[in-house]
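Asker: Spelled out, the chains give:
Protein chains: 2
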Amino acid sequence: MKPAPIDHNTVREMLRTATPDRVLRFIGQRHPADIALLFKGLEPPEVRQLFDILFSARRADKALKELPPELLPDILALIDDDKLSRMIVRADPDDAVTFIDSLPEERRERIIALLDPERRAEVRELISYPEGSVGRIMTTDFMTFLPSTTAQGAIDKIRERGELETFFYLYVVDEAGKLVGVVPLRNLVVAPPNRSLGDMMIADPIKANVMMDQEEAARLVSKYELLALPIVDESGRLEGIITVDDVIDIIDKEATEDMYKMAGLAEEDRVFTPVSRSVKMRLPWTILNLMTATLAASVVGLFEGTLHEIIALVTFMPVIAGVGGNGATQTATVIIRAIALGELEFSSAWKAVVKQVLVNICIALAAGGVIAVAAFLWKGNPYLGLVLASAMILNLGLVAGFSGAVIPLVLKALKFDPAMGAGIIVTGLTDAFGFLSFLGLATLFRGYLS
Amino acid sequence: MKPAPIDHNTVREMLRTATPDRVLRFIGQRHPADIALLFKGLEPPEVRQLFDILFSARRADKALKELPPELLPDILALIDDDKLSRMIVRADPDDAVTFIDSLPEERRERIIALLDPERRAEVRELISYPEGSVGRIMTTDFMTFLPSTTAQGAIDKIRERGELETFFYLYVVDEAGKLVGVVPLRNLVVAPPNRSLGDMMIADPIKANVMMDQEEAARLVSKYELLALPIVDESGRLEGIITVDDVIDIIDKEATEDMYKMAGLAEEDRVFTPVSRSVKMRLPWTILNLMTATLAASVVGLFEGTLHEIIALVTFMPVIAGVGGNGATQTATVIIRAIALGELEFSSAWKAVVKQVLVNICIALAAGGVIAVAAFLWKGNPYLGLVLASAMILNLGLVAGFSGAVIPLVLKALKFDPAMGAGIIVTGLTDAFGFLSFLGLATLFRGYLS
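Protein chains in written order, with numbering that gives the first Met the number 0: chain X, 0 to 449; chain E, 0 to 449.
Pulled out of the complex, with its shape left as it was, chain X reads as follows:
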């Protein structure tokens, strides 16, 4: 069904022995996404060689833009300034920005200076938009038409222009360049030749401001099932478009980010990132984790007296902490995902918090009951069960439910990522509070427990 992968070892063998032309013929008319995969696992000289072959066939930009974002910087680092700048001049404007963005700060300026003036101005404009805005990733390669253009006139203009990267809608603008409507390509196909675009356009189409957050724009495309979203400036002038394939990339990236941030991972920490870089990126989170664990440890330290007196208590500590941590993680996951999918507004957030606390209280009642009965059967002391069940309700019901729901919402309100370190923070909190409630109650009632 799907194209068979190009054999990696054959390509390496050919890079050693065959002429560039033969390598190119072997790669053939394969999709750039398949060609990009070839760069994985090549040695630096082989990367340069493969790049040169693609570059001379003018196919390097299309292939490199398909690379996973964590691999692109390493490949670009192997290519000299001259070739890199020439590739950037030939690339689509949005891909040009992707390449520039993947360069280290000091090289970025050097490469921009090497571009021809037109491309330089384009790149400078796009990278002037903040990271995370749609302006930063939109393509400026689109065609506009006046409302008076006829269907036949539009077809002639498209034919003249030739291939465009992506082309699903005709954008209709007024004399000042302000977007006034769109005509889906399929409507153009069936339109009478003399009909004007102004007559058949969808007026006042869904659009986004250049400064809109990428994720918000992606949600617009997804909600309204669009193929492309026009991007306008403050005055309504059409500045660029983002297409549905960009949107898929944004959605994938967003989901990775949320899962990663929950676990305390940096986005670049991918499955084949070098060990040293992964370690460097995980260390700060490990330190945060050591700090939250130390909080839990100091709570335990407070109760050494009680524990020494009734050593059996120590056995139940992992249960209180584990179940509380899991409940908090579940709650945080539901809230974080609802925020990402645009299902949760601040106005109705309190309802969500109340609901999560209720769910956790019900589960705490059930789990507390089970553990109370188990403790009674095992240790023969009914009070131990009561203390365990009460601690479970306080920790899993109240602390886990409340912190799991509120922490992501507060982070979001403070304009941080709602998932940031959520897993580490809520499990740290429920560890600490779980020990506090369990050992605190046990200390109060120690007369009944030993």
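No wet-lab data here; the hints were simulated from the structure. One thing to keep in mind: the hints can contain errors.
No copy is singled out in the list; a pair is fine if it fits within one copy or between any two copies.
As the list claims (entries may be wrong) - As a list, the in silico DSS-like pairs of lysine-lysine whose alpha-carbon atoms are at most 30 Å apart:
#, residue 1, residue 2
1, 39, 206
2, 354, 222
3, 177, 156
4, 177, 222
5, 350, 252
6, 82, 222
7, 64, 252
For this one, chain X is given, so just place chain E on it according to the hints.
Answerer: Relative to the frame of chain X, chain E by itself:
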């Protein structure tokens, strides 16, 4: 930029007081996705009323298909069989299946029996494909052309047929219905009227078998930046298509599933799912969690003697368990995400496992060093630090790195979801093994610790 939301309270007020026509005028030409949002938070009689208004305007199917999957069953339950079956007859084939799939088993058969024979056969065919396969969600509403059709002939045929749900490619089939090529709509627009589709088609296009997993098909569309993917049967006959908006839904659903399964959540457990249903869905996971926590607890129970002798050890238990659990969760997250994005094949999986173990060992060395120094400064005993650091390296370095990487891969190999309960399982394992290594080493060296 985006359309202002329709005011919810105004609609409720109008449902009470205004004529159906006025409500319909108020909702106006709004997008079905916006109309769907109105159903949220309505009382059952209001739901029926709004449905009836949309139904009589033949807009009910388009609106309901935009509902989040966890809300659809509740709305459909309020609609009587007769209207529901008439709506399903009018709906696009893939939406018809969505509605049927949202019904309880016993009602499903009743509704299918009420459909007209043609639609009944269509629905029966689509629901005969397994859940999770592309066959199950494809639309059968597409147009085919013979290779000999001219560009002008194709345009005439499209004009005759009128509006299709989605229409980006012309599918070229042979006399037996076998897919032989596709023509992107934009190429048709600029083609000379007499040119045949056979001449301009992309031969042997990327396609998927009806039984292909939905996620795999979504990755094909995303990788090759397609707008629609043709779905064929064993003999290559074109059976349906899936479009890029389906793909976005699949990708969203997949990401939710992975995050949810990691935390031990059922997919239907959304932010506004009723409390009783959320509790019911979380309980089995809580029981699994109680079991893993009991494993950790029984390990602790083995060492009550040592703990009683050196009560200070208890303070460090949360640190060993917490840091181990977090490391394992990080590792599992990286692996699960790489599997989902198609970045990790079984053939190279051992490299990923080795890498993750190395990363965790490095982090364990650093964290173990910190905790050893801290323990020495605090308790004045260098051996305690050594025991802590060794336990950290064994638990975080080996167990967390290995289990976090291997468990998702094993689940995947066994055709389970790689994320299934991963968070609960790996934190349970690292709790238990963390206590075993820490308290075990402490017992061995207890002469030096007290």
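Asker: Compare the structure with each hint and give your call.
Answerer: To see whether the hints hold, each was checked on the structure:
1. 39 x 206: The answer is between: 25 Å across copies meets 30 Å, while 38 Å in one copy does not.
2. 354 x 222: within (26 Å within a copy, 39 Å between copies)
3. 177 x 156: Classified as within; 20 Å inside a copy, 35 Å across copies.
4. 177 x 222: Only inside one copy: residue 177 and residue 222 sit 24 Å apart there, 34 Å across copies, limit 30 Å.
5. 350 x 252: Classified as both; 29 Å inside a copy, 24 Å across copies.
6. 82 x 222: between (41 Å within a copy, 26 Å between copies)
7. 64 x 252: both (15 Å within a copy, 26 Å between copies)
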